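Engineer: Okay, here's what each chain looks like letter by letter:
2 protein chains.
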Amino acid sequence: MDVHSAGERTSRRRFLGNTMTAAAGLAAVSGLSLSGCSESMRRASGQKSSQFIRSGDVVLFQGDSITDAGRDRNREGNANDVRALGTGYALYIASQLLAERADAGLKIYSRGISGNKVFQLAERWDKDCLALKPSVLSILIGVNDIWHTLNGNYNGTVEVYEKDYRALIERTQRELPEVRLVLCEPFVLRTGAVNDKWFPEFDRYRAAARRVATDFHTTFVPFQAMFDEAVKTAPPGYWAGDGVHPTIAGAGLMAQTWFSTVSHAKA
Amino acid sequence: MDVHSAGERTSRRRFLGNTMTAAAGLAAVSGLSLSGCSESMRRASGQKSSQFIRSGDVVLFQGDSITDAGRDRNREGNANDVRALGTGYALYIASQLLAERADAGLKIYSRGISGNKVFQLAERWDKDCLALKPSVLSILIGVNDIWHTLNGNYNGTVEVYEKDYRALIERTQRELPEVRLVLCEPFVLRTGAVNDKWFPEFDRYRAAARRVATDFHTTFVPFQAMFDEAVKTAPPGYWAGDGVHPTIAGAGLMAQTWFSTVSHAKA
Numbered sequence: 001m002d003v004h005s006a007g008e009r010t011s012r013r014r015f016l017g018n019t020m021t022a023a024a025g026l027a028a029v030s031g032l033s034l035s036g037c038s039e040s041m042r043r044a045s046g047q048k049s050s051q052f053i054r055s056g057d058v059v060l061f062q063g064d065s066i067t068d069a070g071r072d073r074n075r076e077g078n079a080n081d082v083r084a085l086g087t088g089y090a091l092y093i094a095s096q097l098l099a100e101r102a103d104a105g106l107k108i109y110s111r112g113i114s115g116n117k118v119f120q121l122a123e124r125w126d127k128d129c130l131a132l133k134p135s136v137l138s139i140l141i142g143v144n145d146i147w148h149t150l151n152g153n154y155n156g157t158v159e160v161y162e163k164d165y166r167a168l169i170e171r172t173q174r175e176l177p178e179v180r181l182v183l184c185e186p187f188v189l190r191t192g193a194v195n196d197k198w199f200p201e202f203d204r205y206r207a208a209a210r211r212v213a214t215d216f217h218t219t220f221v222p223f224q225a226m227f228d229e230a231v232k233t234a235p236p237g238y239w240a241g242d243g244v245h246p247t248i249a250g251a252g253l254m255a256q257t258w259f260s261t262v263s264h265a266k267a
Numbered sequence: 001m002d003v004h005s006a007g008e009r010t011s012r013r014r015f016l017g018n019t020m021t022a023a024a025g026l027a028a029v030s031g032l033s034l035s036g037c038s039e040s041m042r043r044a045s046g047q048k049s050s051q052f053i054r055s056g057d058v059v060l061f062q063g064d065s066i067t068d069a070g071r072d073r074n075r076e077g078n079a080n081d082v083r084a085l086g087t088g089y090a091l092y093i094a095s096q097l098l099a100e101r102a103d104a105g106l107k108i109y110s111r112g113i114s115g116n117k118v119f120q121l122a123e124r125w126d127k128d129c130l131a132l133k134p135s136v137l138s139i140l141i142g143v144n145d146i147w148h149t150l151n152g153n154y155n156g157t158v159e160v161y162e163k164d165y166r167a168l169i170e171r172t173q174r175e176l177p178e179v180r181l182v183l184c185e186p187f188v189l190r191t192g193a194v195n196d197k198w199f200p201e202f203d204r205y206r207a208a209a210r211r212v213a214t215d216f217h218t219t220f221v222p223f224q225a226m227f228d229e230a231v232k233t234a235p236p237g238y239w240a241g242d243g244v245h246p247t248i249a250g251a252g253l254m255a256q257t258w259f260s261t262v263s264h265a266k267a
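Protein chains in written order, with the working numbering: chain W, 1 to 267; chain Y, 1 to 267.
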């Protein structure tokens, strides 16, 4: 007879999933050339994305300007609408998912808003997340939490960021107990607006995001590790002109890494 | 001693390249499930795109609204500019190429214009093609040549289309003897604006495009065969709402097939 509670079983299952994800993330970014990296990503996504993404899924991308990416907010109620998805990583992921999983009836939305910090996601969470009832929810948030503090427009700390982020994820898992969460690592590249003042504080924000993913047993996409590897092939500005907002190349690489990570994650 | 002229050698090399391409196109679309298809496309593109796409390449996408895809024409002089590339297949190809070939210094442009027929490409070819000196030129043109005839706004025939197309490619190869050409098959899906009146005439336009590709020894991307396979998995409107303009899913699939075909082509 199984003496574990349902909650414990869920936790254990989630923990195993998370361990798989971490291993895949490492394999994807460490010691592989970029071309080999994306090749392995492709093979993985072709073979295994079905384990995480399921028929009938509602997929929601949430975050700040990197997710917003010029989307037409007047069309945000339309699933799979090219203008509603912006021109960033969410669109590239959508184009691949919708092409490959044509029989799955997926509904893909983006609700990223430029300038958002984690507490601002919380303020609009009922309308811009819970009401959509996503079964897959991908969040990328954090760079403004530090950036707006550095430029004097916000009085934040890494402790506030982590506390707010934990509260948001706890609320989400309570309201949507079946949701499969994908937390994306905040990242910067050392160019443009990103100077020495960002460090080492920014690394603490990244570590906080990873802790939240680990503690809540979500999938974690290691974007900073990916870009740290990418700058060995082309300079930081090739991937993000101002160090924060990805170019086509940067967003394309993010889409590949998101796929690779999600493909290795257990649902 | 080689008795073949330089021109004959070039033709022979091009013929072999074309044969490879045709075989790859068939493999990509015949008898494979879509997921298997895209998996093989991914493997191919990861391994072989370097044979066709080279360091320093200037890649130009040309065509009609399917290539235009809402691009910002005020930015068309900027290479690798997300707003200059629209939100269609050209952008998805660019996101993948720029991510994977970060060390190649690629410059990617789009100059598709909505409503264009092949003679209208010719009218703006000096400015919108030859002046850019592309080393890789991908063209998708033809659907308006028949559509505007069917709706009474143009007095075209398939003979005019083929004659104009041949003249355009001949001029391009004369002015840019080293250019690697990718001709894309015009396609429609039987939904929306596309009714029985289109057939069998439309098949003659497709055949003409294929003849031009064969006779000028260019790479040929079999988009119609791809969509004919795709509608076995999801209905025509999933891929192109009006039967002509691809959705995100349709454009995503086009990008994958373009990659697959180009990856198998010899430069």
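Be aware that one or more of the hints could be misleading.
For chains that are exact copies, the list does not tell them apart, and a pair is met inside one copy or across any two.
Said to hold, decoys possible - Taking lysine to any residue pairs in the SDA-like style, the calculated list, with each CA pair at most 20 Å apart, reads: (1) Lys232 <-> Gly56; (2) Lys107 <-> Tyr238; (3) Lys232 <-> Ser55; (4) Lys266 <-> Thr157; (5) Lys197 <-> Arg83; (6) Lys197 <-> Ala122; (7) Lys232 <-> Asn74; (8) Lys266 <-> Ser55; (9) Lys232 <-> Ala122.
Hints were generated in silico from the structure; no laboratory data involved. Just so you know, these numbers come straight off a predicted model, no measurement behind them.
Engineer: The structure should be examined with respect to each hint, and the outcome stated for every one.
Structural biologist: To see whether the hints hold, each was checked on the structure:
1. Within a single copy, Lys232 and Gly56 get their C-alpha atoms only as close as 40 Å, which misses the 20 Å cut-off; across copies the closest is 18 Å, which meets it.
2. Taking identical chains as interchangeable, the C-alpha atoms of Lys107 and Tyr238 lie at most 20 Å apart only when they sit on different chains, with a minimum of 12 Å there against 32 Å within one chain.
3. Within a single copy, Lys232 and Ser55 get their C-alpha atoms only as close as 38 Å, which misses the 20 Å cut-off; across copies the closest is 17 Å, which meets it.
4. For the homomeric pair Lys266 and Thr157, neither the shortest alpha-carbon distance inside one copy (33 Å) nor that between copies (55 Å) is at most 20 Å.
5. In this assembly of identical chains, Lys197 and Arg83 lie within 20 Å of each other by CA distance neither inside one copy nor across copies; the values are 36 Å within and 31 Å between.
6. In this assembly of identical chains, Lys197 and Ala122 lie within 20 Å of each other by CA distance neither inside one copy nor across copies; the values are 28 Å within and 54 Å between.
7. Within a single copy, Lys232 and Asn74 get their C-alpha atoms no closer than 40 Å, and across copies no closer than 33 Å, so neither meets the 20 Å cut-off.
8. For a Cα distance limit of 20 Å, the shortest separation of Lys266 from Ser55 inside one copy, 15 Å, qualifies, whereas the shortest one across copies, 38 Å, does not.
9. Neither within a single protomer nor between protomers do Lys232 and Ala122 lie at most 20 Å apart by alpha-carbon distance, with minima of 37 Å and 42 Å respectively.
When the structure is compared with the earlier hints, violations turn up for hints 4, 5, 6, 7 and 9 and for no others.
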